[in-house]
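Please arrange chains B and C on chain A, whose structure you already have, making use of the hints.
First to last, the sequence lines map onto chains A, B and C. Note that the working numbering numbers the first sequence so that position 49 is 49, with each residue one more than the last. Note that the working numbering numbers the second sequence so that position 18 is 1018, with each residue one more than the last. Note that the working numbering numbers the third sequence so that position 99 is 2099, with each residue one more than the last.
Please note: incorrect hints may appear among the correct ones.
Said to hold, decoys possible - Quick list of the computed label-pair ranges, beta carbon to beta carbon:
1. A:Phe233 x B:Gly1031: 55 to 63 Å
2. C:Arg2171 x A:Arg527: 58 to 66 Å
3. B:Gly1031 x C:Lys2119: 24 to 32 Å
4. A:Arg531 x C:Leu2106: 52 to 60 Å
5. C:Gln2176 x A:Phe324: 53 to 61 Å
6. B:Ile1072 x A:Ile134: 37 to 45 Å
7. C:Ile2117 x B:Phe1043: 27 to 35 Å
8. C:Gln2176 x B:Met1030: 43 to 51 Å
9. A:Phe324 x B:Phe1043: 27 to 35 Å
10. C:Glu2180 x A:Ala382: 51 to 59 Å
11. B:Gly1010 x C:Trp2124: 42 to 50 Å
Hints were generated in silico from the structure; no laboratory data involved. The model shown is predicted, which means the values in this text are computed figures rather than measured ones. Just so you know, even glycine gets a beta-carbon here, dropped at the ideal spot from N, CA and C.
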Amino acid sequence: MSTAIVEPALPEPEGNYLENGYSLRSWLTTTDHKRIAILYAVTITAFFFMGGTAATLMRLELISPTPLIMGAETYNKLFTAHGVIMVWFFLIPSIPATLGNFLIPMMVGAKDVALPRVNLLSWYIFVLGGMFVIVTLIAGGIDTGWTFYVPLSTRYSGTQVVYGVVGIFIAGFSSILTGLNFIVTVHRLRAPGLTWFKLPLFVWAIYATSIILVLATPVLAMTLVLLAMQRVFGLGIFDALLGGDPILFQHMFWFYSHPAVYIMVLPAMGVASEVISCFARKPVFGYRTMAYAIAAIAAFGFMVWGHHLFVAGQSLYASLVFSFLSYVVAIPSAIKVFNWTATLYKGSITFEAPMLYALGFVGLFLIGGLTGLYLASLALDANLSDTYFVVAHFHYIMVGGSVMAYFAGIHFWWPKITGRMYPESWSRLAAIVIFIGFNLTFFPQFILGLEGMPRRYFEYAPQFQFLNILSSAGASILAAGYALPVLYLTWSIRHGPHVGRNPWGAKGLEWQTRSPPPVENFDVPPRIPERPYDYDPEAEEAKRK
Amino acid sequence: MTSGALRLIGVWLAVIVLLGVSVGTSYIPMGQFNSVVSVTIAFIQAFLVWTFFMRLRWSGVLVRLIAAVGLIWFLLLLGLSLTDYLTRHTVGS
Amino acid sequence: MSVNADLAGRRANDSESEVGLWVFLASEVMFFGLLFYGYTITRMAHPQAFAIASAHTDVLLGSLNALVIFTSSLTVALAARSLRLGAQRASFWLLAVTLTLGVLFLAIKCYEYYGDIDKHLVPWGDFALHGPLAGGERMFFFMYFVMTGAHAIHLTVGLGLLAFMLAGVGRGAYTQKNTEAVELTALYWAVVDTVWIFLYPILYLVHRS
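Looking at chain A on its own, in the form it has when it is part of the complex (with noise of 0.2 Å):
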């Protein structure tokens, strides 16, 4: 088992981008995208907690199937803020708004990217769109769940909903900007030779996402204010006493929701795709062919909002077309993941955090992905829809899948970020306890669904007392291990070894670049290289023997 290589740091003159101005003023007026990835970074943490907070106040309160710390109204609320927050302001930013904005202009070796000004905005717009959801929450929060449904978020609820949509709509043009700004870079920024088939998958994958940011996200914010005049002016087309249609909203919603999930995981399987090549010391397998499955789960994923809607009230025949599209868009994603299993075979595989995490993703999104197609199924759906079998299917993909695939990328990238290296067995560690925690809280909601335990529910009946007891246990776990990077990866940024260009030996037009980078990311002009991940693993094997 090796470790990662430390080269020690060789002398040179120029300064890197962290050095480029000390103050608080140079890091809020910046247009560097590497800057601003980390002013996202920083604040897309601080909504983590926020929201984690609110699911382990919630697991606490689950332990027990009759009221324990809170009342009903509380909980609802809760559950409110966990889906807002992590949602809108920690999944949704995450992979694109931070290792997005660092590395996709060194990806396709310039200088920034095309609208850095327009960059800085969006992260203003972002902050500001998560203050209203901070006033929110102080002025009581809101009940009505992450999903809005009317008539309870336009009549019936007594919370402050008008405050929670506004912020969630001022952070929709944060998403819509940054989406805008990579459209244009990886269009008209790439160096000379550079073309699209020798892009890193991580930039088709960050490309796709920003098609979906610009053409979904607008979606989302008109719903949002036709949703916020209903409930201001007492009256619209989703009031039923009017002759309006409630399930017009779930449609508008669910078109952008849906495409939403997307953002969430095709940014995950573009640094599954980097981080396993790399500790397999292998190309990517199929690289066309993901690059090809990342555009049609981006297209075909703007075609299955419908299956949110089964037992909604929508037609019979609308739900088979959309059930029949859900099926398909689990096949190019099916393909990515047997491409990534095909990678590691006959790789010459080390294990490193990064490995561990892009290896856990692959598992865990596999078993999210496959019981969506549980939920695919009318059937079955009529049965499973708003049970924790849902529950479970969505964060086995977005905390089991995205959430450690961003850390996967995040201990990846982070040598190149900060120009140093984190404890090695520290990282394996949490890495492993992430893992165990995840599995121990979300396993068991899969047989609680299955056994009818409905979702957003704050008792239950006492027989799936257990099951929650379990999961609740795992839970805390599972912050424990999210505890540990916060500790380490900062313990490293004074105290880690320094590192040189490319401890990883990773391919990528990155980690030809200085650690950290200069500001304007490279000294000279990078090497196009003849092909993407050129690694050579028959080199590799002979020099294992």
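What follows is chains B and C alone, placed relative to chain A:
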């Protein structure tokens, strides 16, 4: 005045004439067909504006593709939803 | 703006900022598209109510506004063209005309809203239309105010951009060598125009006979 300016003015004239046709025919009782006419005219007017005022005629493939995707995605939202709204009282309910 | 000029797949005149603006316009299509979608679905369920309610809109003012905004679309396109050809003064005056027409549009709209309020067509107050179709009629006017309101907000942003361009062209910041900002403003304005192209028939012309 150059030919380019004349072309733009010609397009404007066409749009205005179409506006007149649209509002004029709306006073002729044609039932549902009135809306078909006025919305079709709107599409023609939009096509003219996008092709000439927004210069799609002279744009590269990428820009045209982006413009097309925007339109197609809206049609996707409407179209797939209609699988529900056109069949609400038919199959199985 | 372009740092490392990309040669692969680039066409003659798809500059970075053009690509960026068209991506933004695609998002605008989805913004308004959602509203058009909501309108369409609701109207499909309430065809009669929408028809009757639409007859209460002021077709004269709506048509006048159509005329105004279509013309402003011409003048801004001509303004961009003049700047490309080096006719700085012509560009300046064409931008001024566009801005004036835009303000005129808003003025007519405000006057129209005043009339709508006077006629009690605001659906959440003391609503003028009663009877069995009142629900659908209220929903029509809900969409009327939301959609024309959203349009007016976008138009106002456009006015700000036009004013900025006017100042820039006037003092020589934007010239034949630097037409980008004016071109992009003209594109944005044309989208504001396009929205009205579709709003007009669905709000004003549903049932005039």
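We went through each hint and held it up to the structure:
no.: 1; hint: A:Phe233 x B:Gly1031: 55 to 63 Å; in the structure: violated (33 Å)
no.: 2; hint: C:Arg2171 x A:Arg527: 58 to 66 Å; in the structure: violated (46 Å)
no.: 3; hint: B:Gly1031 x C:Lys2119: 24 to 32 Å; in the structure: holds (27 Å)
no.: 4; hint: A:Arg531 x C:Leu2106: 52 to 60 Å; in the structure: holds (56 Å)
no.: 5; hint: C:Gln2176 x A:Phe324: 53 to 61 Å; in the structure: holds (56 Å)
no.: 6; hint: B:Ile1072 x A:Ile134: 37 to 45 Å; in the structure: holds (38 Å)
no.: 7; hint: C:Ile2117 x B:Phe1043: 27 to 35 Å; in the structure: holds (32 Å)
no.: 8; hint: C:Gln2176 x B:Met1030: 43 to 51 Å; in the structure: holds (50 Å)
no.: 9; hint: A:Phe324 x B:Phe1043: 27 to 35 Å; in the structure: holds (30 Å)
no.: 10; hint: C:Glu2180 x A:Ala382: 51 to 59 Å; in the structure: holds (56 Å)
no.: 11; hint: B:Gly1010 x C:Trp2124: 42 to 50 Å; in the structure: holds (45 Å)
When held up to the earlier numbered hints, the structure conflicts with 1, 2 and fits the remainder.
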